[in-house]
Amino acid sequence: MSSVRLTRASGLGLGVAMLWFSLLVLIPLAAVVATAAAGGWDGFWQAVTNEQTAAAIRLTVGTALLVTVVNVVMGTLIAWVLVRDRFPGQRALEVLIDVPFALPTIVAGLVLLSLYGPDSPLGVDIANTRAAVFLAFLFVTLPFVVRTVQPVLAELDREVEEAAASLGASRLTTFRRIILPALAPAIAAGAALSFARGVSEYGSLVLLSGNLPRRTEVTSVRILSSIENDNLDNAAAVATVLLAVSFAVIVALDVIQRRVGRRG
Numbered sequence: 001m002s003s004v005r006l007t008r009a010s011g012l013g014l015g016v017a018m019l020w021f022s023l024l025v026l027i028p029l030a031a032v033v034a035t036a037a038a039g040g041w042d043g044f045w046q047a048v049t050n051e052q053t054a055a056a057i058r059l060t061v062g063t064a065l066l067v068t069v070v071n072v073v074m075g076t077l078i079a080w081v082l083v084r085d086r087f088p089g090q091r092a093l094e095v096l097i098d099v100p101f102a103l104p105t106i107v108a109g110l111v112l113l114s115l116y117g118p119d120s121p122l123g124v125d126i127a128n129t130r131a132a133v134f135l136a137f138l139f140v141t142l143p144f145v146v147r148t149v150q151p152v153l154a155e156l157d158r159e160v161e162e163a164a165a166s167l168g169a170s171r172l173t174t175f176r177r178i179i180l181p182a183l184a185p186a187i188a189a190g191a192a193l194s195f196a197r198g199v200s201e202y203g204s205l206v207l208l209s210g211n212l213p214r215r216t217e218v219t220s221v222r223i224l225s226s227i228e229n230d231n232l233d234n235a236a237a238v239a240t241v242l243l244a245v246s247f248a249v250i251v252a253l254d255v256i257q258r259r260v261g262r263r264g
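So for the sequence shown, my numbering puts the first residue at 1; every next one is plus one.
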């Protein structure tokens, strides 16, 4: 088996990239885990199983998972419409999809509170409810699946679909056996980004959800509260749980997209 030898320039580039990645990601994450472990297993367990903290973790992770499922379906559908159809107002829709990227999250929270709060012009008041958390997560994660799937869908060879149709394949079979395997990596990437953004969200929901303990309080608010009370160990413990959950979700999505790709 021949070994791969890096050139001097490639080795230097790899070293710089790993140093930059370590400074921005690996070292901070290691510091968070080390802080969480400083109090021992008992301290860590008490921090994450505290009734208020456990409720915040369940709400955050559960809502983020549900929002991710919705985004996988609706994001793929929106990307399909934008790529395969032409209609009036399409360019405006393209711009609007990116608004959650550009809008500061606290401003998004104010907008959502104005539309769906006590003074809602739509007559819909979901302030201080779990529906508010779900809505805020949906708003900030909307573009991820759309923007990861859209370019891949645009590059798909339409002739393959036409060949499948000429051989008698139904539209559902064509989508399941040809289109979906090609889109699976992009969908998985968008889903991972959507979930990660959801579990870490703060600004867009802090005004609308009310941050009610054991009802609408999410982990980001719980972490901030621990830091303000000078309890860094508890904050790091909750952050470590979110890190582990996010890693598990990313691995699961990768496994799913590989299996979908092989079946195609």
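Simulated from the structure, these hints should not be mistaken for lab results.
Be aware that a few hints might be false.
Now the in silico label distances, taken between C-beta atoms and shown as ranges [to be verified]: (1) T7 <-> V83: 50 to 56 Å; (2) V69 <-> E162: 28 to 34 Å; (3) G15 <-> L212: 30 to 36 Å; (4) V83 <-> L24: 32 to 38 Å; (5) F247 <-> P181: 35 to 41 Å.
No experiment lies behind these values; they were computed from the predicted model shown.
Ideal Cβ positions, reconstructed from N, Cα and C, are used throughout, including at glycine.
Do the hints match the structure? See the list:
At about 40 Å, the beta-carbon gap between T7 and V83 misses the expected band of 50 to 56 Å. Checking the proposed 28 to 34 Å range against V69 and E162 shows it holds: the Cβ atoms sit about 31 Å from each other. For G15 paired with L212, a C-beta distance near 49 Å fails the hint of 30 to 36 Å. Checked against the hint of 32 to 38 Å, the pair V83 and L24 passes, with Cβ atoms roughly 34 Å apart.
Range check, F247 to P181: Cβ separation about 25 Å, and the 35 to 41 Å hint is violated.
Of the numbered hints listed earlier, those contradicted by the structure are 1, 3 and 5.
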